[in-house]
Structures are given as C-alpha cells and as structure tokens.
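> In case you want the letters, here they are:
There are 2 protein chains.
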Amino acid sequence: MIDPRTTVITERLKKTRRIIAVSSGKGGVGKSMVATTLSLSLAKKGYKVGLFDVDFTGPSTHIILGIPKTVQPTEDKGIVPAIVEGLEYMSLVYFVGDKATPLRGIDVSNALIELLSVTQWGELDFLIIDMPPGISDSVLDLVRLVGRIEFLIVTTPSLLAFEVVKKQVTLLCELKMPIIGVIENMKADNSHAIKQETIQLGLKYLGAIDFDTKVESSIGNPSKLLGTTIGETMEQIKKAALNEKVNLK
Amino acid sequence: MIDPRTTVITERLKKTRRIIAVSSGKGGVGKSMVATTLSLSLAKKGYKVGLFDVDFTGPSTHIILGIPKTVQPTEDKGIVPAIVEGLEYMSLVYFVGDKATPLRGIDVSNALIELLSVTQWGELDFLIIDMPPGISDSVLDLVRLVGRIEFLIVTTPSLLAFEVVKKQVTLLCELKMPIIGVIENMKADNSHAIKQETIQLGLKYLGAIDFDTKVESSIGNPSKLLGTTIGETMEQIKKAALNEKVNLK
Numbered sequence: 001m002i003d004p005r006t007t008v009i010t011e012r013l014k015k016t017r018r019i020i021a022v023s024s025g026k027g028g029v030g031k032s033m034v035a036t037t038l039s040l041s042l043a044k045k046g047y048k049v050g051l052f053d054v055d056f057t058g059p060s061t062h063i064i065l066g067i068p069k070t071v072q073p074t075e076d077k078g079i080v081p082a083i084v085e086g087l088e089y090m091s092l093v094y095f096v097g098d099k100a101t102p103l104r105g106i107d108v109s110n111a112l113i114e115l116l117s118v119t120q121w122g123e124l125d126f127l128i129i130d131m132p133p134g135i136s137d138s139v140l141d142l143v144r145l146v147g148r149i150e151f152l153i154v155t156t157p158s159l160l161a162f163e164v165v166k167k168q169v170t171l172l173c174e175l176k177m178p179i180i181g182v183i184e185n186m187k188a189d190n191s192h193a194i195k196q197e198t199i200q201l202g203l204k205y206l207g208a209i210d211f212d213t214k215v216e217s218s219i220g221n222p223s224k225l226l227g228t229t230i231g232e233t234m235e236q237i238k239k240a241a242l243n244e245k246v247n248l249k
Numbered sequence: 001m002i003d004p005r006t007t008v009i010t011e012r013l014k015k016t017r018r019i020i021a022v023s024s025g026k027g028g029v030g031k032s033m034v035a036t037t038l039s040l041s042l043a044k045k046g047y048k049v050g051l052f053d054v055d056f057t058g059p060s061t062h063i064i065l066g067i068p069k070t071v072q073p074t075e076d077k078g079i080v081p082a083i084v085e086g087l088e089y090m091s092l093v094y095f096v097g098d099k100a101t102p103l104r105g106i107d108v109s110n111a112l113i114e115l116l117s118v119t120q121w122g123e124l125d126f127l128i129i130d131m132p133p134g135i136s137d138s139v140l141d142l143v144r145l146v147g148r149i150e151f152l153i154v155t156t157p158s159l160l161a162f163e164v165v166k167k168q169v170t171l172l173c174e175l176k177m178p179i180i181g182v183i184e185n186m187k188a189d190n191s192h193a194i195k196q197e198t199i200q201l202g203l204k205y206l207g208a209i210d211f212d213t214k215v216e217s218s219i220g221n222p223s224k225l226l227g228t229t230i231g232e233t234m235e236q237i238k239k240a241a242l243n244e245k246v247n248l249k
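Order-wise, the sequence lines are chains H and Y. Numbering follows our numbering, with no gaps: position 156 of the first sequence is 156. Numbering follows our numbering, with no gaps: position 66 of the second sequence is 66.
This is chain H alone, in the form it adopts within the complex:
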C-alpha cells in the first residue's frame, strides 16, 4: 500500500541533494548542538543548507540560534522556511507551538507528515534534520516517508549513552538505513573506548569534540558558537562526515 502523502513529500524534497539526520539513541548528548553547528559551518562555506528541527521531545535549535520571536516562516502556497544566519530554517516549534501539552504519538506523526508536506524548501545542497532521540513511532514514520535519509550518530564518551546508541545502530542496520558515522561529543579524557566500539560496529568514527564550557554561554549567539570547540572541530568533522562531494554552483 502506497501512502499518497509520500508522493507529496518526495515532490517537496526533490531539490534537496542530501538529507542528513543528526540522531542519537540517547537524549542530552548534544545532538541539537551538532546539527546546528554542522548547518552553520556548511552555510558559511557557501553551501545551501536547510535546518529542520523535528525533535518533538524538546525542539531547541531555535534557542541555540537565538531566533527572535519576530522571525517566523511565511505562508506562500505552503510554508516558506525562515532565513536565519544564511540557513533555511524550519522547526516543529512553529507548527505545534512552544506549549507544554504533549502530543500523543499519532499526533506527532501527523504533525511531522503535515510539516513535511507543506514546507517549501528551496534548492538545497544539504537538509540537516535534528531528529528526536531514540527510535519512536514518529522516527520510523519519518524514515518511511522521506526515504533517502543518511544518519549521523552523536554519542558522548559515556558508556550509558553508547549502550543506547548501539541499539539504535542495530535497528538502523535492520532498516537498511545508511549511517555516515559516529561523532563523540563532550569528550573530557583521552579514552579510545568509543572509537574502538564504533569500529567494532563496522561504522566510521568521525572524530571527537572536546568538552568546552564556553558552548553553554554561546547559546543564542551563532557566531560565538562557531568560535567554540564544537564550532572549530565541526570544520574538520564535516569533511570526514560529508566528503563535501556537492559542487558549489
């Protein structure tokens, strides 16, 4: 059975060359921070980049980017993303509001599908998606509806985080989803444990981002963010992660 909405979504995303899902089995590992700095770093290099926040468990990229309430997507035969720091920016927060009321699972799926169907992305080299943590129904729906998503996995050096990441990787492999590799965020020592575990899983270890207390104080200030350890390390990691195969026009 073919879901008629997949046709609409495919149409909406046809001018997007690569779709990168920044993902983590576990919450609180810095996934949104990685998605945001990766997007900013690519845009600065001259690529056309969209950042799409679908983390319904707590959308936060708008806070990291410090987007004022006055900056909103506009309506024009659909929803046109806001332009923020050179990025086409869209977040579930504009669709469901910043309210406390939780969405029931089916409502989240419906909101995601609706948002994918109506958002008018321009021509993009990269669409970076800030995913919800874990693999919920809604993530499965997203994977099914969008199809060609590449996964970029974020973990911390913590054994607890990586145990959850391992499960996610197993599942993504079962679903035959391409995995770009693993980024180790908030590293505070010289342990090679995560690198070794990543290689054992048959995945590419993309690099480590050292823990930097300045990251917290750069929330809401994108140019300051690019000057922190995560911003600077992302310059290196994104080459390993994306190969930057896309030619600039």
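No lab work stands behind these hints: they were computed from the structure. Any given hint could be a false lead.
No distinction is drawn between identical chains; accordingly, a pair holds when it is met within one copy or between any pair of copies.
[Unchecked claim] Quick list of in silico lysine-lysine cross-link-like pairs, DSS-like style, CA-CA up to 27 Å:
id, residue 1, residue 2
1, K224, K187
2, K239, K204
3, K77, K44
4, K69, K195
5, K214, K187
6, K176, K15
7, K239, K187
Position chain Y relative to chain H; hints supplied.
Quick look at chain Y alone, frame taken from chain H:
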C-alpha cells in the same frame, strides 16, 4: 470509564508507602543516576526500597548497578523483583528484553501496564521509578494508572535542559501531579540561574550535584558510586526531598 487494570495495579502497590518518579523533560541529564543513588542511599539507611526502571527509551539502571545477567526476577504468582544491593529491583529490560527493536507507543503502554500488574513488590517504604524522559503517551498512561506518584525533577545547569523541564513542569501542574522539587545535576560553576528559575516556577530547589568525572568510572560499581559526589550529595538532598517521614520499623 474505569480501566479494570487500575484495580489490579492499585492492589499490587498497596504495600508501597510512597511512589517517587524521578523524571526529566530532557534526556541525558543524569536521571537514572539520580534514581539509582537515591535508592541506594535510602536502602543503606535501612528503608525498604524498590527501584523500578520503566525508561523504555534506554533502560540503564541495570548497567549502573552492574547487575550480572544471572540475576533475574523470579516467577511466583507474578514476577518477584530481583534483590540487588538491598533493593527490590525491576526493570522493563527484563520484560521486553535488551533488544534493539523499538516498541510502538501502544506496545510500550501495554508492556508498562502488564509489568505494573504482575510485579510483586514486597512491603516498601519507597518505590523509586526511573521514568522515561519527557511526557509521552506511556508516561501519561502510567500517571493515570498508578495515580499517587510524586515527581522529583532532574535538570542540568544548561538553559536548553531547563527550557524543556519548564514545559514538563507546566504539564505536571495541569495534571495536578505533586512535584517534590528540582535537583540540578552536573553543576560546573556557581551560577544561581537554575535555582532562581526553579523558585520562580514555585517549586522547591532541592540542591545541586557537582559534576564529577569519577561518576562515569563507577558505573557498574554501586559502592564506589556512593563515594562519588553524586552519592555524597544525595545524602543531603534526600533529606530535603523526602523529609524521611517514614518511620523505620
């Protein structure tokens, strides 16, 4: 409409004096670590304590406690929790297995309800529940079915974590659920921001737990864990949090 299962669940929990849900809007803030050290700390004091891990997004208390695979709950007119470090211990992990396959929302709710219905807790002063992050369908189901749950909220000093916590608090207030207070975990500076925000929300600020790199290396080693900053600080926080009104027999 009364769900017949609530009667069974009420019956199962009738010998439990207080039910404390350790909860956080955001993942990765150390919720499982707080739930585990709180449980260990209470048990050491002589209270009868159950620890119930229902974090289906990635159950991890069994890893923190270092429970060997040979220690399992047993069956006897229901499921009898394992005894670990003086705690009655039960985890969703024993019910759904440690597999990668994600549970669809409705399956998670069914697994939770089933687990609540069959687990034979002994006489307990405290049942500490390690909740899933956020407020999902399954959390709402749990609140509805168990009823008398008190919430203990965990955050980090990060603005991003606290923004999500605020939404959760708003929702818990709408649901008229009692909130014990807020614990600020992994504190690395002297900022009073979270304390002030907590008080502004009308909640009790229970204290801060300083960031301690030794916590990571004590995973799987409960007695070592009680000697780290989180273990030592929990001694103080639990007094503020629980008032220890329960009389020891």
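> Give a verdict on every hint.
Against the structure, the hints come out as follows:
1. K224 / K187: both (20 Å within a copy, 22 Å between copies)
2. K239 / K204: within (13 Å within a copy, 47 Å between copies)
3. K77 / K44: neither (29 Å within a copy, 64 Å between copies)
4. K69 / K195: between (41 Å within a copy, 26 Å between copies)
5. K214 / K187: both (14 Å within a copy, 14 Å between copies)
6. K176 / K15: within (24 Å within a copy, 48 Å between copies)
7. K239 / K187: Within one copy only: 20 Å inside, 34 Å across.
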